[in-house]
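> Using the sequences and the accompanying hints, generate a full structural model.
Take 1 as the starting number for the sequence shown in full-length UniProt numbering and just add one per residue.
No lab work stands behind these hints: they were computed from the structure. For every residue, glycine included, the Cβ atom is placed at its ideal position computed from N, Cα and C. Treat the hints with care, as some may be off.
Just the calculated beta-carbon pair ranges, DEER-fashion [said to hold, decoys possible]:
#1 Ser76 with Arg410: 51 to 61 angstroms
#2 Lys428 with Ala493: 37 to 47 angstroms
#3 Asn122 with Gln183: 26 to 36 angstroms
#4 Lys392 with His60: 35 to 45 angstroms
#5 Asp685 with His544: 53 to 63 angstroms
#6 Asn644 with Lys577: 15 to 25 angstroms
#7 Glu24 with Arg410: 33 to 43 angstroms
Derived DSS-like pairs (lysine-lysine); straight-line CA-CA distance at most 25 angstroms [what the hints assert, rightly or not]:
#8 Lys418 with Lys437
#9 Lys483 with Lys526
#10 Lys299 with Lys353
#11 Lys529 with Lys483
#12 Lys577 with Lys548
#13 Lys392 with Lys412
#14 Lys422 with Lys412
#15 Lys526 with Lys579
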Amino acid sequence: MEENNVKTDQNNQDDSDSEVDEVEPRLKYVRMRNDLQHILQNDAASCIAVHPKFLCLGSHWGMIHLLDHQGNNIQSKSLQAHTVAVNQISIDHNGDFIASCSDDGKVFIYGLYSAENNHNLNLGRLVKSIAIDPNYYKSGSGRKFITGDDKLILYEKTFLSRIKPTILSEAIGGVRSVAWAGQFIAWASDTGVRVYDLNARCSLGLIKWTKTDEALPEHYRCNLRWSDDRTLLIGWVDIVRICQIKKRSMQEMVNRDLPEFVVDPVSTFQVDFYISGIAPLDNQLILLGCLKELDKDGKSQRPTLHIVEPKCEDFSVICANSLTLRGYKEYSCNDYHLDCLTSENRYFIVSPKDVVVASLYDCDDRVEWLISHGKFEQALEAVSASNGKECKRHTLIDVGRVYLDHLLAREKYDEAGKLCLKVLGRDKKLWEEEVYKFAMVHQLRSISSYLPRGDVSLDPLIYEMVLYEYLKMDPDGFLELVKEWSPTLYTVAAVVNGVLEHLLVHKQRQNVLLEALAILYIHDGKYDKALAMYLKLRHKDVFHLIQKYQLYNSVYDMIEELMDSDAERAIQFLLKKDKDQFRVPPEIVVRKLQQKHLYLYMYLDALDKIDTKDSKGKYHGLLVQLYAEYSRDKLLPLLRRSDNYLIQEALDICSQRKFYPEMVYLLGRIGNISEALALMTRELDDMESAIAFCQEHDDEELWNDLVNYSLDKPKAITFLLQNIGTYVDPRLMVQRINPSLEIPGLKKALVKMMCDYNLQVSIQEGCKKILSNDYFNLHERLVRCHQKGILINDDQLCGACHRKIIMGESKNLVIFYCKHSFHEDCLPNFKLVENCVICNSQKETSPGRK
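Now the structure itself:
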């Protein structure tokens, strides 16, 4: 047989007139050739019967040809069984005997291995159908066979090897076809299909063609086939029926005297073509049919092979193929035959001049079809699902590489790169071969993300090729690869040279390439070059680099560059310690930043916040100058809290900038309080601060200076009168005011001053009274507790309540000469108690109470 030489068209479309619909087929078709080709050149096929071992082809000349499944003769001579066309051939289950019938009235039984049970009967009437017992090969089976003409007749071997005929049923219009399975025989007549139970020797019922008893046209053949011993497939004209033989319940059989089995139609539906053959395919059906319509020339159209899925009263088409068989335009529905090997899912389609074998697509066939139709993803899935068991000719790698070539040809480079990861696996050689394909079209970038970089790695040249392509076409991508890839994958020095050469010629994206170059220097162990590169770029990773590789000594001369890169992080880095020692000594930092006052200010300000014995206050003199320049709000707090600066230098700095509050504080520190007060009043005009300053120093001359300053200033006089009444004798102020001076709010100010003064005097008198009372009370307690030198210990307890006696806790304490002590409140009838309660309870003579 030759494959792929049967022209098919999916879904009944003429491929010469329209584009073939690319629906994945279920069947593949092979035209049978070899010896069969020579047979059909001189003869024509009339029927076929197929067995797993061989097939029998009946011809119009009455010949039976025994062939293998490839079309080769398995006997030297064909059997001349009949003189006219063979109507039907039947083979027993074991393949030992065949039976045939013809319109010449003969029934031919032939044993392939033994002639003992051969028969050549002449019945003298047209025999349209025959069925041999599936167990005919067994001795004791009765060697039965059935023929169908105007009656259904059972022939069986009896005593003395005689053949006994038994009429099973009359057939109106004749028996059109017969099918035998197990104990059941199905045959078709004009009225319908009957099923006969050979064991019970009774009919199980009639399956009518129509709702009436109309006879069926003679020119249509009924197609009967047992799917198994209990399922019957019927194809008649354009009607399909599926029936099952079911067993009745015991009660139903007894009560109604019915046969043990009943025929139950489970599905009936109508198709739009004439049925020439029917066969099972798992839960689906194979239907060989002819279209009802003729072509434009009045000729028959090509036969079709349908796969349908039956339902109760409907069906769905899975696929349909039109077949170009030799001479199909001259043939009608009855000229085609269909037989099958159910166990192998192989279907033999016969026309008078052609035999085609249809079989299910295996994994390899399906993969080939998917590839040929550009469905590579589905082909890959099919190969992967088979796990190498079903697919023999195709592997995942083979299909994948074909798909890769297809994607590259279609310029789908990203998809091709992703596919490599799925297809090439851990095969180093295959990876390298495919990478070169990407290199030829300058698309190594598309595969870079998928290159193996783990247990399996490729030749370093492969990774270098990818890096060079990124270097030229995508500098940002080059940087990402340098960050991501391990330096063990490629030769670092070679890539460094490539970057340097590229930088000499190209000026674009230099910062990106310099960063990549810095990383390459790190990979190469040249940390000083990497550090210099990072500092030049002001890169944030410079601090991580220094810490990771302990490059602290290397940064002594790069402190200013570190500050330029990121001043805040640089300061944090410079202030870090190891074992209470700065990684970079402050004196070095200060020396390196002498010309960068802003950086020096930021550093010293942060340093001052660290509580360390080594640096606390050491740079306050310098910090005074920097605060005055960059952060005045921090200057006065520093002057107040620190003694580690030269006051005169600080005063000079503040004087130059006219920082009067700071000057006031500094003048106060050196004792020049008069000048300080003068600054507050004359320059700052801050009477409130001036009063607070005088209160702080509590100097009479200072108060006089403040009063003298205010005598010619009405508003200042009013403010002083309202605020100094509790600190200075108001008369000193009032007596010196010029009587002719007009002072706003004088009356209210005087009233407030006198009230404040009187309040102050009242408070003082009250305090004196309280102090006097407290003195006498405490003195009385002290005298009562210390008579005759008896003292109360800190841990002494009250003899009654056993609580600790604390001086001042109670108004009175009672101490007996025996040294037992009591709270006065704890002794009942205190005035009547003469002796110690504790000693008296022990019946001892106690000393008297003190």
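> A separate judgement is required for each hint: does it hold in the structure or not?
Status of each hint after checking the structure:
1. The hinted range of 51 to 61 angstroms is satisfied by Ser76 and Arg410, whose Cβ atoms lie roughly 57 angstroms apart.
2. The hinted window of 37 to 47 angstroms between Lys428 and Ala493 is violated, with their beta carbons roughly 24 angstroms apart.
3. Distance hint check: the CB atoms of Asn122 and Gln183 are about 29 angstroms apart, consistent with the given range 26 to 36 angstroms.
4. A C-beta distance of roughly 40 angstroms is found between Lys392 and His60, which places it inside the suggested range of 35 to 45 angstroms.
5. Under the hint 53 to 63 angstroms, the C-beta atoms of Asp685 and His544, about 55 angstroms apart, fit the expected range.
6. The hinted window of 15 to 25 angstroms between Asn644 and Lys577 holds, with their beta carbons roughly 21 angstroms apart.
7. Roughly 21 angstroms separates the CB atoms of Glu24 and Arg410, a value that falls outside the hinted 33 to 43 angstroms.
8. Restraint check for Lys418 and Lys437: satisfied, since their Cα atoms lie roughly 14 angstroms apart, inside the 25 angstroms limit.
9. Straight-line distance between C-alpha atoms of Lys483 and Lys526 comes to about 16 angstroms, which keeps the hinted pair within the 25 angstroms bound.
10. For the hint linking Lys299 to Lys353, the alpha-carbon distance of about 17 angstroms falls within 25 angstroms, and the restraint holds.
11. Taking the CA atoms of Lys529 and Lys483, the gap is near 17 angstroms; set against the 25 angstroms cutoff, the hint holds.
12. A threshold of 25 angstroms between alpha carbons decides the hint, and for Lys577 with Lys548 the separation of about 15 angstroms falls inside it, so the pair holds.
13. Annotation: proposed proximity of Lys392 to Lys412 is violated, straight-line Cα distance about 29 angstroms (limit 25 angstroms).
14. Distance hint between Lys422 and Lys412 is fulfilled; the C-alpha atoms sit about 16 angstroms from each other, no more than 25 angstroms.
15. Distance check on the hinted pair: Lys526 and Lys579 sit about 28 angstroms apart at the alpha-carbon level, beyond 25 angstroms; violated.
Violated hints for the displayed structure, listed by number in ascending order: 2, 7, 13 and 15.
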